[in-house]
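So the protein lines, in turn, are chains R and U.
Just so we're aligned, residue 1 is where the first sequence starts under this note's numbering, counting upward by one.
Just so we're aligned, residue 250 is where the second sequence starts under this note's numbering, counting upward by one.
Any given hint could be a false lead.
Result set (DSBU-like, lysine-lysine): computed pairs, CA atoms no more than 35 Å apart in a straight line [what the hints assert, rightly or not]:
hint, chain 1, residue 1, chain 2, residue 2
1, U, LYS437, R, LYS186
2, R, LYS186, R, LYS170
3, R, LYS188, U, LYS437
4, U, LYS454, R, LYS143
5, R, LYS186, U, LYS454
6, R, LYS188, U, LYS454
Pairwise CB distance ranges (calculated) [claimed, not checked]:
hint, chain 1, residue 1, chain 2, residue 2, range
7, U, ASP297, R, ALA72, 51 to 59 Å
8, R, SER169, U, GLU494, 16 to 24 Å
9, U, MET470, R, ARG110, 20 to 28 Å
10, U, GLU406, R, SER217, 29 to 37 Å
Quick caveat, the hints were computed from the structure, so don't treat them as lab data.
For each residue, glycine too, the CB sits at the ideal point set by N, CA and C.
There are 2 protein chains.
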Amino acid sequence: MTGSLVVVGTGPGRAELMTPATAAAVARATDLVGYGPYLDRIPATRPDQCRHASDNRVELDRARHALSLAAAGRHVAVVSGGDPGVFAMAAAVFEAVEAGDPVWRTLDIRVEPGVTAMLAAAAEVGAPLGGDFCAISLSDNLKAWTTIERRLAAAAEADFVIALYNPASKARPHQLGDALELLRSKKKAETPVLFIRAAGTTDTKVVATTLGVADASVADMRTLVIIGASTTRQVGRWIYTPRGEREVS
Amino acid sequence: MTGSLVVVGTGPGRAELMTPATAAAVARATDLVGYGPYLDRIPATRPDQCRHASDNRVELDRARHALSLAAAGRHVAVVSGGDPGVFAMAAAVFEAVEAGDPVWRTLDIRVEPGVTAMLAAAAEVGAPLGGDFCAISLSDNLKAWTTIERRLAAAAEADFVIALYNPASKARPHQLGDALELLRSKKKAETPVLFIRAAGTTDTKVVATTLGVADASVADMRTLVIIGASTTRQVGRWIYTPRGEREVS
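Given only the sequences and the hints, what does the whole structure look like? Please build it.
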């Protein structure tokens, strides 16, 4: 019995932002494993397909469950939102492989890329990621807050555009405020800051402000925060970062 | 006459990695503007649709042309590869808006997100972007090489996974070598380095090596280079970066 496991991302939410490759991969699967709201984005096409919905906080358990199913000969799709390789399930699957049954290393495991949240968020407002940029998860469930602070400081030093994933949750209400405070000490007050909630869905909400007055309480679990580089600016109703430092001729 | 302009990305190459939203946007357009090989990825569905193919080096001219067409009432799709907001046409369009005819600021301009090269490249090898990461274009056509060096140094300091776009071209043969040399002075020799050519196409080629021995001449215009963080590692035949710093329990 030869099973398989594919890790996919549904994209940010709207069905039209899921790639056909991902739609085909989930249609082939005998078992779908994922956080309930992400599984709900997958149309029910096969009556024989089994859905294993779980809570959002148990990535490793979910990864192990998926690997066990594949080892038993099932064809499993692990379903993330966005792109599965960016702050999502693909890394958790390989963590589980590394720590788990040696036979899992011989499984047919693939990853399908998708549209990650920062790309959908950027597209909502123009092209704020038009220059060099970085992506940082503000969650300190698995890393030290001092590591996050070091990365924020380096990102300011490098003048990267900064995309912040997981900016806030009920368990971590102060972190985005602390991050903005750190950045205020290193970047200009007029730096554009964008709070983009539920990008790539039908209820996107954008708050465009500046670093000097940005209010962290605007963000929740579904918000992606983008903090501009020194060149990020407004033109018309759009925010964008030019491709380089030199003036447009 | 009310025209419109949408900036789209075809994804990395395979048709199944272009989002349905992008396919619908290009199908609605009266005019497609883009670099020839990207336009070739768009199926010919409408005989009345006009294709304006151009060279790869003239982003601003192409953006101005597209804006002029939209201002004249046409429905224009500007076609990039990958995601249009990442080292692609969206920023060029807004640069042209800023420097151009004031009426362009009143146009209906939208951006559709897509699968950018680093996501497709990461998916080919596992989950190397599983932790915090940055994306840097090595092209110094529009920014100083010293800026790029500053960003590489900060990325090493922050222990970001580093994705390098535009690592090499005929006009810039030495830059990737210089970048790797800089990183060798700041990161461990055993840091994983991935050269992923033509990710998300049918002729992907991956070279997995380490920073100590990485040979810059492996890269060309179609290569995406990923340099690991301190935690990036191999398991089985995959390369991945764990989500955090703590050990898997």
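Verification of the hints:
no.: 1; hint: LYS437(U) / LYS186(R); result: holds, 29 Å
no.: 2; hint: LYS186(R) / LYS170(R); result: holds, 27 Å
no.: 3; hint: LYS188(R) / LYS437(U); result: holds, 34 Å
no.: 4; hint: LYS454(U) / LYS143(R); result: holds, 33 Å
no.: 5; hint: LYS186(R) / LYS454(U); result: violated, 41 Å
no.: 6; hint: LYS188(R) / LYS454(U); result: violated, 43 Å
no.: 7; hint: ASP297(U) / ALA72(R): 51 to 59 Å; result: holds, 54 Å
no.: 8; hint: SER169(R) / GLU494(U): 16 to 24 Å; result: holds, 19 Å
no.: 9; hint: MET470(U) / ARG110(R): 20 to 28 Å; result: holds, 26 Å
no.: 10; hint: GLU406(U) / SER217(R): 29 to 37 Å; result: holds, 31 Å
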